[in-house]
Amino acid sequence: MASQVLQKPAEPTISARLAKNVRRHVLERVIEFILMLAALSAVATTISIVVILLYESFTFFEHVSLWDFLTDTQWTPLFENAHYGILPLVSGTLTTSAIALAVAIPLGTIGAIYLSEFASHRTREIVKPILELLIGVPTVVFGYFALLFVTPLLQRIFPELPGFNMLGPGIVMGIMIIPYISSMAEDAMRSVPMSMREGSYAMGATRFQTAIRVVAPAAISGIIAAYILGISRAVGETMVVALAAGQQPNLTFNPMESAATITAYIVQVAMGDLPHGSVGYQSIFAAGLVLMLMTLTFNIIGHITRKKFRETY
Amino acid sequence: MTTQASVLANLAEVRAMIRKHKRNDFIFSIIGLLALMLGLLTLFTLFIDLVATGYPRFSLDFLTNYPSRKAAHAGLLSAWVGSLLVMLVTFISAVPMGVAAGVYLEEYAPKNWFSDLIEINVTNLAGVPSIVYGLLALGLFVYGLGFGESILTAGLTLGLLILPIVIVNTRESIRGIPIAIREAAYAVGATKWQVVFHHVLHYASGGILTGVIIGMARAIGETAPIITIGALTFIAFLPPSPVSDVAPFINVEWLSSGFTVLPIQMFNWLSRPDHAFHINAAATGALIIVVTLLMNATAIWLRYRIRKNIKW
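Quick mapping for you: the protein sequence lines, in order, are chains A and B.
According to UniProt numbering, the first sequence is numbered sequentially starting from 1.
According to UniProt numbering, the second sequence is numbered sequentially starting from 1.
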């Protein structure tokens, strides 16, 4: 541009320059619009999820009353005498998730405290990437582990344990969630100001005392947020329970029995050949809606708690 | 005399207490490390178990054979080709869209309710269980748009699934670029898009790549949504080739072809009662772990290098 101007002292007409500017301006606007459309895809995805789940569930509830759905104690949509009570699936989901959390919350918290308060910089630099690697392992592989390694191991301790049970997959799911909980809880604890720790050390407290009585209470909402998001993960986890917990809906909270979870039921139906539009087909959307509502509730509570903790400091 | 003695006695007590506390700290740090390493130990045990069980299948035949009713002759050919093609669709659908969305949210979006709405949506989508994406795909892609149980459907589903990962990583790496870079570009007359495309995206590319690799690694191992769209599990054929020898050389028939992918094949073998198929499943599992770990490790290493090399 500059050399052109030098070569040709005669300036281009004003209208020509303006025309070029207008083109440049319009192009900028078009690009911004395209980028905005891309960002809107996230909103579109959420809307489609909600619309699809609600639409298919509504057709489902034309055949099944909401009351039966919430109170019937049997879930047998594929049988001749069909019952549509979601409770057995919910009980399976809650039991496996509870076992997972019983494993993941204590160990994840201890890990987070260690990582945030005890570990040297070097150790942290090594351990954190390993945690990230663990989060990336596909869940179907953990399903294999629960079915063919952990369950046989447990059967040596509890000989009456059936091949499909909720205990094994629950434990494996817990181990899967540990890195998730510890890295989030660690983030919360690390953001507690150093001066609070120094105050505690100055009083003669040990690292452990400082961690338990000063840092953890200060970061409690972040730690709880980590737990809640961990719950949401356990509830939505599919492959481990579909492979190792069994396919039989069973209204029980006994971890030694086999039971289907909401996610396992969806997998089971999707693998069969249910005709599109049948009540059985629609039932997986109703189950999915329940799952979505459960995880959404946990996610929202988790985000609110975390936001609260962010505002503290 | 007596006070001095009591102080001395007290001193011994205090020293004992300090020793005890130090020992407790040490014990706790061991427990903490063990708690963290339990996951790693599990993964290690799992991998050893997979390799030890799947060992008889480690051969080239396993990669070049179709699935078969005879476990010893069954192979992964259709599964890994399927995975590759599905990943191609996922990449094409998720990466440009995710990067564009991330750029918009970081560089263009005004601070108002509309941007907040998009942000909340992205955060929420990251927490939606993957099987719900499968239900979305079943209702929308398979029946709503009539794509059927095809590679296109699977690729788009996984694309939607990893979109939040790509968006979040793009935003994070853009956020790390100092404002001075942008101001310098504006000062020499660049338009906003020129600033973003030539400078911001250029410097953020490493971080974006990290996010893309993590997302793709997630997609390659994802099983639940693919099962939900009703992917067939016995596929003894390959999709039509994406490239052809006649003009225009690119073939799109493969998009609508039936398919299977690695985790589905593993799930299929694993859900059979016959132990011979479990051996195949173990060998497939070992392969999946190696692939995803390598991808994730590459991403982490890349991020580490970027952090080390770039000091603004």
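Worth flagging that the hints you see were computed from the coordinates, not collected in a lab.
Heads up, the beta-carbon is just placed ideally off N, CA and C, and yes, glycines get one too.
One or more of the hints may lead you astray.
[What the hints assert, rightly or not] Only pairs whose alpha carbons sit at most 35 Å apart, straight line, appear in this in silico DSBU-like list of lysine-lysine:
no., chain 1, residue 1, chain 2, residue 2
1, B, 20, B, 192
2, B, 70, A, 128
3, A, 20, B, 20
4, B, 308, A, 128
5, A, 308, A, 20
6, A, 20, A, 307
7, B, 308, A, 307
8, B, 20, A, 307
9, B, 192, B, 22
10, B, 192, B, 111
11, A, 20, B, 70
12, A, 20, B, 192
13, B, 192, A, 307
14, B, 70, A, 308
15, B, 308, A, 20
16, B, 111, A, 20
[Stated by the list, open to error] Residues on chain B that point at chain A, a partial pick, calculated with CB under 8 Å:
no., residue
17, 35
18, 77
19, 274
Against the structure, the hints:
Taking the CA atoms of residue 20/B and residue 192/B, the gap is about 63 Å. The hint is violated against a cut of 35 Å. About 43 Å separates the Cα atoms of residue 70/B and residue 128/A, which puts this hinted pair outside 35 Å; it is violated. Proximity of residue 20/A to residue 20/B is assessed by CA-CA distance (about 79 Å); at most 35 Å being required, the pair is judged violated. With a C-alpha separation of about 16 Å, the suggested pairing of residue 308/B with residue 128/A holds against the 35 Å cut-off.
As the CA atoms of residue 308/A and residue 20/A are separated by approximately 50 Å, the hinted pair breaks the 35 Å bound. Of the pairs offered as hints, the one joining residue 20/A and residue 307/A is violated, with about 47 Å between alpha carbons and a cut-off of 35 Å exceeded. Distance hint between residue 308/B and residue 307/A is fulfilled; the C-alpha atoms sit about 31 Å from each other, no more than 35 Å. For the given pair, residue 20/B sits about 39 Å from residue 307/A by alpha-carbon distance, which is inconsistent with the 35 Å threshold.
Of the pairs offered as hints, the one joining residue 192/B and residue 22/B is violated, with about 58 Å between alpha carbons and a cut-off of 35 Å exceeded. Taking the CA atoms of residue 192/B and residue 111/B, the gap is about 17 Å. The hint holds against a cut of 35 Å. Only pairs whose Cα atoms come within 35 Å are accepted, and residue 20/A paired with residue 70/B is rejected, the gap being roughly 69 Å. With a CA separation close to 16 Å, the supplied pair residue 20/A and residue 192/B stays within the 35 Å bound.
The straight-line distance between the Cα atoms of residue 192/B and residue 307/A is roughly 32 Å, inside the 35 Å bound, and the hint therefore holds. A hinted pair counts as satisfied when its Cα atoms are at most 35 Å apart, and residue 70/B with residue 308/A does not qualify at roughly 58 Å. For the given pair, residue 308/B sits about 43 Å from residue 20/A by alpha-carbon distance, which is inconsistent with the 35 Å threshold. The hinted pair formed by residue 111/B and residue 20/A meets the criterion: a straight-line CA distance of about 30 Å does not exceed 35 Å.
The criterion of a C-beta within 8 Å of any C-beta in chain A is met by residue 35/B, whose closest approach is roughly 4 Å, and the hint holds. Given the 8 Å rule on beta carbons, the hint for residue 77/B is violated: about 19 Å separates it from the nearest Cβ of chain A. This hint is violated: residue 274/B has a C-beta 13 Å from the nearest C-beta of chain A, more than the 8 Å allowed.
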